[in-house]
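A.B. asks: Residue numbers (this note's numbering), protein chains in the order written: chain X, 17 to 191; chain G, 772 to 1139; chain C, 172 to 545.
I should point out that these hints are in silico values taken from the structure, not numbers from a laboratory.
We treat Cβ as the ideally placed atom computed from N, Cα and C, and that holds for glycine.
Every clue listed holds true.
Pairs of lysine-lysine, DSBU-like flavour, derived with a Cα cap of 30 Å:
no.: 1; chain 1: X; residue 1: K22; chain 2: C; residue 2: K358
no.: 2; chain 1: C; residue 1: K354; chain 2: X; residue 2: K34
no.: 3; chain 1: G; residue 1: K805; chain 2: C; residue 2: K358
Among the chain X residues that face chain C by a calculated CB cut under 10 Å, a handful are:
no.: 4; residue: G25
no.: 5; residue: V36
no.: 6; residue: K45
no.: 7; residue: H49
no.: 8; residue: R116
no.: 9; residue: N118
With the Cβ distance kept under 7 Å, some of the chain X side facing chain G (calculated, not the full set):
no.: 10; residue: M17
no.: 11; residue: A23
no.: 12; residue: L24
no.: 13; residue: T27
no.: 14; residue: V30
no.: 15; residue: I31
no.: 16; residue: P35
no.: 17; residue: T37
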Amino acid sequence: MLGLFKALGTTLSVIVRKPVTLQYPAVHKELPHRTRGFPVLLWNFEVVEPFCTGCRVCARYCPSECISVTMKDNPLYAEGKSKRRKIVDRFYLDYGRCMRCNICVEVCNFDAIVLNNSWSGHEVSRYDRRDLVNDLDDLLAESKGGGLTNPFREPLGMAHSGWSPKPRGEKAEAE
Amino acid sequence: MIADNPWIDATVRTLLVVLLVILVVLILIWLERKVAGRIQMRLGPMVTGPYGIIQSAADAIKLLTKEDLRPATADRWVFELAPFVAFVPSLLALIALPFTAHLFVRNLELGLFYIVAVSGLSTVGLLMAGWGSANKYALLGAVRGAAQLISYEIPLVLAILAVAMVSGSLNLVEIVNEQGRVPYIVWQPLGFAIFIIATLAELRRNPFDIPAAESEIIGGPFIEYSGIRWSMFFFAEYINVFVLSVLGSLVFLGGWNWPLGNEVGWPLQVVLILLKTSAMLLLFMWLRSTLPRLRIDQLMSFCWQVLLPFAFVAIIVNGLVLVYEWPDVVLGLLSGVAALVAGALVYHSSHRTVPSQPWSLVPAKGID
Amino acid sequence: MAIEERELETIDINVNVGPQHPATHGVFRMILRVDGELVVDLEPVIGYLHRGAEKLSENCDYRQAIAFQDRTEYLAQFNAELCYVIAVEKLMGLEVPERAEYIRVILTELNRIASHLMFMGAFSADLGVFGTLFMYAFRERERMLDLFEEISGDRMMYSYFRVGGLAWDVPEDFVERTRWMVKEARKGIADIDGLLTENEVFLARTRGIGIMTAEQAIDWGFSGPMLRASGVRHDLRRAEPYSIYDRLEFDIPIGHRGDVYDRYMVRLEEMRQSARIVEQCLDQMPKDGPIVAPDLKRVLRPPAGEVYMRAENPRGEYGIYLVSKGADKPYRLKIRSPSFCHLAALRDMTIGHYLADAVLILGSVDIVLCEVDR
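Chain X with its partners taken away, still in its complex shape:
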């Protein structure tokens, strides 16, 4: 009998605790800084173009093979406004296949892709699976619109060589 009363006592002591429910979608929990949403491309605001040059490293290393990229000659380079000779022409990323493993972010040579750590990176629901394939404009929309306030860009790529991406702007000026 005593065990039963102990169990009942445990249950009774729980009733007075505050429930742990968060009523989504009225209330959103605070996402940690490193949370991995779906990938988005970054927009370079100084030179008005994406960082991505279409080098296809991310497509080669993606385990799910969800990225396809093509590159073209950069018209802004011909005009002298940008240092990138080539720029991305088309970029398709299938959110339905992506498993958010972060490998594309680690291998990117130009810090052009990042995982969206805001709620818009998590609330990606569509009625049709084909609508999950995002093209270049969809992927740039988040960064252009200013939604990516604090992407997670801690030392990446360290895991493979101690190599780290060139700090943007500083090294270029030092050279």
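Dock chains G and C against chain X, hints included.
C.D. replies: Using the frame of chain X, we list chains G and C on its own:
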């Protein structure tokens, strides 16, 4: 007597009681979900209406609009009549249930006996559902359910009979009137304990819900029912919960009589009896969310080897006290002692197989 | 008048506890033959979740294959990742820096607690506790998943360990957060203990069910908590210490009878011991330092060879057999999953018990379908 005509009087009162009880059942379903939620550290329904009070109505509407399925190999008439056979006896029990000294449909001289007898009819509905579903899970569930319900009727009836012996009548209004000074729970703790356990088994609630064990035979006899038919079983279960809770508060907790007496007006008496019924309901919900379920053979051996002998003990004790006209205190003491003995028996039989330390630790610095 | 006595003829019925069932912990099928309520025969059917993870790993290089390990053992992901990563490091002869080792072990043990909490929840749901214990266990587990999200970015599929160390360093408040987490986990374990351990109904349901003696357990190839509940003193963290387990002090709970109750108690106590390990690691961990082995190439090409690495997962002995031919992708990656070996013994454990016990015994084996089927 409404309109001085017994037929109109009976019809109006019955309709009123049935409608009120259906409303109560909707509230009960909501309450169960909220209480279970709080015990589980969560909120329960919150979205439909403020604090989710319209949730039961929303569920009822959803169930009513569902397609009425019937398996092709099912025995048609048995399958389709089973919900009615389970549902109607619960409503029949409401006819003899008094809420105050004057608020009832009919106050039968054999009221107590009638309620228990009629509640037993729903077992047939369960068996019909299990057989008619042409499904092995349903059959297993129905057979388990039949064994459980029939077995636990006996201690339930004996516990209630013990109380009837003390009060000297089977008329529910008289039983409540006899409890003016002290409710029967004080004189009959053993009877109350047996009543609670047997009620849980009759209602097929945890820890006795093996006929409809969710995690093994997923729904038991009700597995093939959907829509209105399933909701009839569900309603029948909750009406039974309500009826037996009211019965418990009438017979053991003093009904509308204790502690305020018979002279206060009927609104206060109704409030009192609803409070006591709510206490029993909350007890049942608390037990449901806490205890694991018993296996069918453990359930049966508990009934026949523990509950039944102690129910007989209760009757014998009552008989001795009444025949030799010992004071009531003796009755309470003997009954209490018997309840403690029953508890100790259960404790020892289940802890007998547990060694003092069920596991041993290989210490951190030991060899391996 | 003579009354003829005749034996009542009964038929055994085949009950299909099918792939879609609330109690089978995944898409697992048991075909039971029951005589009334007594189980006479049991046939487990697996393969509903086979996705070819081992073959897919052959097309991935060593960093991409870490994600597959997560998805194979989806309740103890850090344990599986650790086993795989140490296997590749053995093949390459890498030395992992201390700080990375400590963080790995901390996360692995926290994941062990989380996995055992999931066991408590699912097991109590099988028992029939309406959902109460499930919610208590999951409240603690949710806290842990939030901590893991703060560190690695994802709640369940971490891909955080890398060959040679970690992907990136832990956040600054890691030590305080983890200490708080361990305290909360202890409270949660006390809740579960209070609700179940001395509960008479629980004792009646689980004592003497599904007994496996020590000899039988060794014969069937049990490992992990199943083996220890049967009384065999074997824990891979002690027998073949990997990573930094030889510097840590922890006890190993051993059961006496090998029934369902002992398995539950062994797992409950293991949670407490894991909490102890985490606290020791937090005290011993170097405050800063590199988190990845130095001089790693960008593309890993282990020398040709083979290695078998086994780790103590919450379910048992998780093994990775890796064959490399010098390329950047493994030639053969075989996963030895503990649940697969335990399921082979399910028939012997269940015959002679009741139908209600069959579900409990399956729950006590604590299977993860993804590693059974890979």
